[in-house]
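**Student:** Please put together the full structure from these sequences, using the hints given.
Protein chains in written order, with the working numbering: chain A, 1 to 357; chain B, 1 to 357.
Everything labelled a hint here was simulated from the structure, so no lab data went into it.
Chain copies aren't distinguished; within one or between two, either way the pair holds.
Computed list of lysine to any residue pairs in SDA-like fashion (alpha-carbon distance at most 20 Å, straight line):
no. : residue 1 : residue 2
1   : K233      : E273
2   : K233      : F167
3   : K258      : D60
4   : K233      : H169
5   : K258      : L211
6   : K233      : L267
7   : K258      : W317
8   : K45       : P20
There are 2 protein chains.
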Amino acid sequence: MSDNPKRPSPLIDCDIHIYPSAQNPLEPFIPTEFRQALAQGQGSKPSHGYCNPHGVDRRDVDLTEPREAIRRHLDQYNIAYGVLQPQPGYDISLTHNIEVGNAMARVWNDWQIATCLPFDDRLLGSICVNLNDPMAAAAEIRRVGGHERMVQIVGTGESTHLYGHRFYHPVYEACQEMGVVFALHPGAEGSLHSTTPVGRPSSYFEWHNSLPFTFQAHLNSLVIEGIFERFPKLMVLLVEAGVSWLAQLMWRMDKNFKGLRVTTPWLRQAPSEYIFNHVRLTTQPIEEPANPLHLFQMFEMIHAERTLCYSSDFPHWDFDDPHRAFPSKTPAPLLERIQYSNAAELYGLPSLLAAQP
Amino acid sequence: MSDNPKRPSPLIDCDIHIYPSAQNPLEPFIPTEFRQALAQGQGSKPSHGYCNPHGVDRRDVDLTEPREAIRRHLDQYNIAYGVLQPQPGYDISLTHNIEVGNAMARVWNDWQIATCLPFDDRLLGSICVNLNDPMAAAAEIRRVGGHERMVQIVGTGESTHLYGHRFYHPVYEACQEMGVVFALHPGAEGSLHSTTPVGRPSSYFEWHNSLPFTFQAHLNSLVIEGIFERFPKLMVLLVEAGVSWLAQLMWRMDKNFKGLRVTTPWLRQAPSEYIFNHVRLTTQPIEEPANPLHLFQMFEMIHAERTLCYSSDFPHWDFDDPHRAFPSKTPAPLLERIQYSNAAELYGLPSLLAAQP
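**Tutor:** Rendered as structure tokens:
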């Protein structure tokens with residue numbers, strides 16, 4: 001992809017990773033009664049066992065103090081709002097010990113609210129929840145979801161159930177009630193199950209290629225199980241799972257809706273309508289076809305002017321620079337929707353006009 | 001999709017289902033020593049448990065004598081060659097009893113050669129194999145693969161391993177040696193595993209939407225595990241799994257190849273190159289975007305002029321009429337590649353000029 005001329009217009013970045021650090025430790029937020037359990041390994045989670053040979057952090061970023069690194073990132077790209085993905089808090093749902101998982105969700109949220117959000121007014125937080133205990137997750141969403149800068153909950157593609165399963169209804173009810181987005185970020189895909197319907201990939205490369213399968217399965221489940229009929233205000237954000245698979249999945253769903261809707265009488269619209277009204281996707285890692293025209297065509301197929309929100313994945317290895325990630329001829333109005341307005345509308349943030357200096 | 005004017009040009013149909021019938025029974029081909037085992041239920045296989053509420057056969061087709069029905073289908077659309085998918089022979093690999101599965105593979109092949117292929121010169125057969133015993137499968141490929149009208153082996157998306165796994169090397173070696181294509185057809189996805197990386201869909205509709213995930217996983221595995229480096233003459237045909245997902249998968253694979261190829265030093269080309277050189281997809285059920293232009297654009301993205309082969313799925317419910325399945329403005333040369341020449345080159349059949357009356 002070639003360079004765009006640098007635009008002065010502010011951006012919203014929907015995927016910035018923040019880690020605890022020596023200057024900003026998590027430990028003080030852990031309740032006394034859980035410290036021993038954690039010391040005993042009761043906070044353990046399964047691992048997928050794949051390893052990026054290059055590591056997962058950018059080597060050109062000083063991560064000694066992650067908050068400072070993030071501030072420099074916001075300044076460099078004129079990012080008006082950056083949505084934090086607390087790491088590894090977002091995969092707390094996989095904690096074997098459910099009670100410890102519930103406690104750690106609260107820890108990650110208290111830590112964000114006390115030490116991360118105050119650090120920079122541009123930062124927004126993600127509510128960590130234990131989706132393996134939906135009632136506890138709903139309670140946690142109600143506890144902190146009223147904080148005006150905690151804009152979404154975050155879970156991972158790996159989960160005990162497909163997200164359309166009624167097991168999760170209490171979570172969606174709480175999200176809808178508190179007005180927070182349900183975001184999914186890759187986390188530990190391949191830890192509970194394999195990342196394919198058949199078996200485990202044998203390399204990090206093959207595993208990484210397969211991550212969109214899980215997200216497609218969840219989206220299929222959310223739509224076909226009628227989650228958006230039951231929870232008509234629910235908004236879902238699929239983070240870091242690619243975007244170009246959406247065209248084929250929608251087309252197949254809509255075609256099958258014609259022949260098979262008798263099996264799902266609760267659906268009142270074509271699947272693509274639920275997606276356009278309730279689902280957003282972040283852009284990184286954006287697909288890079290050899291012919292950039294193909295990416296434009298794909299943007300039209302998936303209604304990118306409504307569905308896509310820019311994300312950088314800072315500070316990870318496959319970071320997308322907002323000035324290089326999109327083809328140089330992307331029309332300015334489309335780029336503006338992707339880089340600001342879609343996320344502003346999703347999160348209820350000030351419009352671009354209000355955000356401009 | 002609107003009608004094309006009827007073309008006189010002959011077609012090749014890569015997916016025609018044939019069943020045993022009263023006039024053409026399978027039983028005489030079962031060796032004496034296995035009849036008791038089958039009567040005892042030793043030929044049993046797991047089932048996925050999903051059910052199409054409308055049934056899976058077209059109601060307008062008289063299937064009393066499947067061979068006659070197929071002959072009428074070939075006549076109606078001027079189909080020069082029709083590739084049989086013997087049903088349920090193609091999922092013989094899932095038979096619990098491996099020895100019985102091996103025997104039944106031979107039965108299905110002997111039945112095709114003795115009673116189906118002689119019935120009409122236009123018919124081509126698919127070698128049934130027990131992929132759960134790769135050495136036996138290889139022996140069966142060598143036993144019947146020399147028959148000039150047995151042009152491929154057929155397996156299902158459901159399998160014990162991803163198809164890039166070295167477990168299957170003996171099968172690919174035999175395919176390459178005998179010059180037969182390795183075809184995959186949906187069969188019993190959801191019987192050994194669920195059809196998603198996370199869990200089981202809860203309706204036939206959701207299940208059907210999810211079938212391409214399995215095929216994408218197998219293709220990813222075949223390419224990244226280096227099957228086409230080890231078996232440079234192997235050709236793979238993905239039947240009835242959709243086609244439009246190929247763009248995103250190739251783009252993601254090629255992008256990751258840049259960053260992660262150190263993990264797969266055996267790969268000497270970008271993943272998309274292996275796909276263009278070794279993989280073909282059948283068209284049915286073709287995606288039907290609301291805007292037919294989008295399907296043309298998709299055809300360009302996936303190099304349809306090399307990769308796609310027409311299939312009808314006769315006599316199943318979601319049959320694609322060759323005169324209605326493609327947008328009415330599809331350029332004739334592209335349509336000709338899809339409806340004849342790609343399959344002719346794949347199977348080594350006479351060129352279109354030679355086939356024309």
